[in-house]
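Participant: Combine both chains into one complex, guided by the hints.
Listed in order, the protein sequences are those of chains E and L. One point on numbering: in our numbering, the residue at position 190 of the first sequence is 190, and numbering is uninterrupted. Take any residue in the second sequence, note its place counting from 1, add 1000, and you have its number in our numbering.
If a hint is listed, it holds; no wrong ones were tucked in.
In silico DSBU-like cross-links for lysine-lysine, where the CA-CA straight-line distance does not exceed 35 Å:
| no. | chain 1 | residue 1 | chain 2 | residue 2 |
| --- | --- | --- | --- | --- |
| 1 | E | Lys73 | E | Lys40 |
| 2 | E | Lys183 | L | Lys1205 |
| 3 | L | Lys1081 | L | Lys1205 |
| 4 | L | Lys1310 | E | Lys40 |
| 5 | L | Lys1197 | E | Lys73 |
| 6 | E | Lys73 | L | Lys1310 |
| 7 | L | Lys1299 | E | Lys40 |
| 8 | E | Lys85 | E | Lys225 |
| 9 | E | Lys73 | L | Lys1299 |
| 10 | E | Lys42 | L | Lys1299 |
| 11 | L | Lys1197 | L | Lys1176 |
| 12 | E | Lys220 | E | Lys283 |
| 13 | L | Lys1310 | E | Lys42 |
Output of the computed footprint for chain L on chain E, the stretches with three or more beta carbons under 8 Å from beta carbons of chain L:
| no. | stretch |
| --- | --- |
| 14 | 8-22 |
| 15 | 34-47 |
| 16 | 55-63 |
| 17 | 146-156 |
| 18 | 186-196 |
Because the hints were derived from the structure by calculation, they are not lab data. Beta carbons are placed, not taken as given, at the ideal position from N, Cα and C, and that holds for glycine.
What follows is the residue order along each chain.
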Amino acid sequence: MSCRYTFGGDEHIFVEVDEAMSLEAFFTSLSMTNAVREAKIKGVTEICPANASFQIKFNPDEIHPDDMLAELKRLEATADTAEAKLDTRIIEIPVYYQDPWTHETLMRFRERHQDPNASDIEYAARINGYDSVQDFIKAHSGAPWFVSMVGFVSGLPFLYQMVDRPRQIQVPKYLRPRTDTPKLTVGYGGSFSCIYSVRGAGGYQMFGITPMPIFDPEQKVSYLKDFMVFFKPGDIVKWKPISREEYDADVAAVEAGTFMPRMAEVTFSLDDFNADIDGTNAKLMEALNAG
Amino acid sequence: MPVNVISAGIATTIQDLGRPGYYHLGIPLGGAMDRLALRAANMLVGNDEGAAALEAVFVGPELEFTEDAIVAVTGAELPPKLDGQIQPTWTGFEVKAGQTLSFDFLKNGARAYIAISGGIDTPPALGSRSTYAIGALGGVEGRGIQPGDALPLGAQPAGASAGKSVPDEMRRMPGKPAELRVLPGLYWHRITEAAQKGFFEDTWKVANEADRMGYRFQGGRVLEFVDREPPFGAGADPSNITDACYPYGSVQVPSGTEPIVLHRDAVSGGGYFMIGTVISADMDLIGQLQPHTPTRFIKVDMDTALAARKERAEALDAIRQALA
Chain E
1 MSCRYTFGGD EHIFVEVDEA MSLEAFFTSL SMTNAVREAK IKGVTEICPA NASFQIKFNP
61 DEIHPDDMLA ELKRLEATAD TAEAKLDTRI IEIPVYYQDP WTHETLMRFR ERHQDPNASD
121 IEYAARINGY DSVQDFIKAH SGAPWFVSMV GFVSGLPFLY QMVDRPRQIQ VPKYLRPRTD
181 TPKLTVGYGG SFSCIYSVRG AGGYQMFGIT PMPIFDPEQK VSYLKDFMVF FKPGDIVKWK
241 PISREEYDAD VAAVEAGTFM PRMAEVTFSL DDFNADIDGT NAKLMEALNA G
Chain L
1001 MPVNVISAGI ATTIQDLGRP GYYHLGIPLG GAMDRLALRA ANMLVGNDEG AAALEAVFVG
1061 PELEFTEDAI VAVTGAELPP KLDGQIQPTW TGFEVKAGQT LSFDFLKNGA RAYIAISGGI
1121 DTPPALGSRS TYAIGALGGV EGRGIQPGDA LPLGAQPAGA SAGKSVPDEM RRMPGKPAEL
1181 RVLPGLYWHR ITEAAQKGFF EDTWKVANEA DRMGYRFQGG RVLEFVDREP PFGAGADPSN
1241 ITDACYPYGS VQVPSGTEPI VLHRDAVSGG GYFMIGTVIS ADMDLIGQLQ PHTPTRFIKV
1301 DMDTALAARK ERAEALDAIR QALA
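Here chain L stands alone, though its shape is the one from the complex (with noise of 0.2 Å):
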């Protein structure tokens, strides 16, 4: 028996965590933003943590339950309302059948996960059933959801039960101005080391230009770049490389302007140099940041990139041990 959507909200979208095995094909990986909170909602409401959720971005969809499950919203604090009536976040609450969940306005953060007990049971495409959109791959039919959609569930796992809650401490937000941490690397030689030093210095905000493949900043200095002559095939801009490959998290910036984050949508490859990456363990708070919020760039050497993915993973297995 599926969920009916009645609105769609702005751009919701069927994630889970991702298909691995065809960047070399420019197909991204995918999946959620914010992997800690899809993985959340999905142990509160007893799915498998990869099972399928909605990935609702600053607003919520409206949405009509035809069959008893349980839900639990997590990541942005986006309230969810159960025939009207607020329901905590990052806790897991039942719904009935010819209920109607709906969403309060945004609190904080960007992207809210809704797991529904048995999970979104949309047909996978190359093994995964995240969307994405640009290869029209996942999701409903390769897009986002829409108003009249039916989406299926899974079948109701066993020993599911609702009024979990993941303790406030173990919930992750960026802090104000964000920081996200950052390898220097890749093309880091092409700027001057006045550039370098100021990348780090200078408060940056996010820009409107802030989706599932990549966050743009702007407001900080325009990088300096190291004189040469352009390699052929690179082309005549000194932010040109010859096209190659981008890491997920990489940080390229055309022209020496404004700084790009790719994310889970990634481009594969393209002709612009990059300066380093944000490190794993800060991946998820970027589909958190908004707007206009001011964020500064870390710097860390591999050691403390390796401390804090570490970090991240026991973060998790405590969230896994507080809902056991």
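Extracted from the complex, chain E is given alone in its bound form (with noise of 0.2 Å):
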């Protein structure tokens, strides 16, 4: 993989390291990133990674945009060599799939969709192969998810499901984006998925809701006192589906300062999880479950 860099102005690098989508440019991606970050470069005011990019913001005052472009085409040579390892942890997100919420504001916007007589989810399941939507949630909280960027807005994670190519979900975003979404929406776009951190336009199909805040500037809620947004980049997720009960309970034990995700810390292997793929996965669930 060789990387395509590119001034954004004065004051940005921009690198792409691959066009498509992968775990394999992710990993660059993310192992370029922490070579910059430990690198120390005068002049670097703000390091970015995304989904298979990054981009490096510098004063051009400190140090000349060609000695950056240096700089970085110099730590890709390391990152090549580097091993996807990563220590990271897992997390199981509560969804409650077909919420009224989510539903209420996709019928709010159906000119705007590609299929104004299907939900968002149902459309999904369709083009999707899916011969249910409880099929469809199925594949969709099935495999757990990485978290291969953080952006927009607010903290929200981009998460990229971890199976084989053939097996991943993909739904284009709506036709026109919606000038709605409520907080905490769990959505899908090209083939990723995410979770609005707070409300506000989105272009991404809706599935349901998450009870569970990730973004929270007052820092009240117990799990988001010592910094604001929840995710970074290189966590992996589980979706765990929930009913409207179980959905008000964790509403009300946030609210209540007790709600506390559960968690695991785990190592992962790119060249273990390529090698076998549904065995990497179920480890990570036995250390979820354990944890």
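Facilitator: Written out as structure tokens, the structure is:
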């Protein structure tokens, strides 16, 4: 994989690891951004890893853009040889699929959708070849997901499904973006799931909602007291389908300050994963269920 | 002793020089859209250049003072009125406790900066008082100002005096048409040579969707794409990319139709290709563009971008020296 380097004006370098999404491209992006951080290059102000690319913001008064470019190319050589291994955590995120709030919202924006006569999840199930929405939910929540990017707004995670490519769910974004999306909507666009951290505009299909806040500027939520953003790139997520009753109970627990997401520390190796996807995922699930 | 907000204008927010370091989490730099105007306003009232001030869009607020202070209004030509008496812009003037500051109609530009000696002393969030409403950070409880708010001020700076003024020729406003210099790059190769040429030939107009997150432009030709097989994860539309980071100032063109230039409250990433980036020297200008302003994009190279950046730094230094 050879990176493509391009300047974003006089203050950014944008590095495309690959045009297409893959876990290999994500790991290269992650290891290169880690290398940039460790190299403590003068003038660097922001280091932003993305799905299959990354971006460095720098102060050109401190380092000439050409010198910054040379530093990054030098690091690419090192990153190529780095082992694609990650100490991370797996987190269970409860999802109330087909909830009334995203349903109300999707009905308001039907004219912007590919299939005005179906709900978003019915459409996604159909075009991915599932006989029923229940089967689709089983597929969406069956295997774990990689947080391959955090961004857009306020700690929103992009998640990439940890299955082989033929099994990967793909759904186009809305024809035109909505002006509204409920907070904590579990969405889908292209080959990515996401969780909308705050209410606002959005173009991803809406499948459900999680009771678990992932961004809290006031830092009152028990597990967000140390930092207001929950996710970081490299986190692994397992969706857990829940009922309305479980959803209500979780919301009450969040408000009472007693909700703690289930999670466990794990080590992920891309080579092991590629050698045995289902076996690696099973081990991740064992760790989660023991945690 | 606070400054009481009687009316808030349209979208008046507290802004400073922003909160660097959190863009990788989708929390943008934020801060004044017109940095030079904010710095000048603060200099005129004796504050640190990066003190928090008010950024008023199109319409000014009405403010009641409960202590003596010095005030300066820079950026857009939005004439301040003290108890109804017009005051000069880009000039520090005294306000006494009990007096009311209001504003006349906007004459030019889009965003005025209202600095008050002592600076606005609301609680910082992630190191900045800048209002980022989408993330409910900074400002007054994470939002813009509202009637009934009492804005706390910091300690009055020692030796501050009214009457200083930024010379006319040092005030910067967009020309007509406005010209924004763009360094091509990012996904520039995704459009045809004819489209690359056409983008810089056409005169665009600022659309109504123009805010702190980004400015949309209309009226130029639709960009024609180079054919491709959609890469896995990108999406079927030719303007889609595998979701990636967006530089500040980057010019994305969803479906090739209406360019959007991301500004201080940029979304940090997404799935639209970008054809280049407005250079850092011209970012301030965007904050002063009104809807419908005719705008040309000017193609430049990196040397020009760096020379323009140097020129802006020198212009700021000249203001510092003029007010010293």
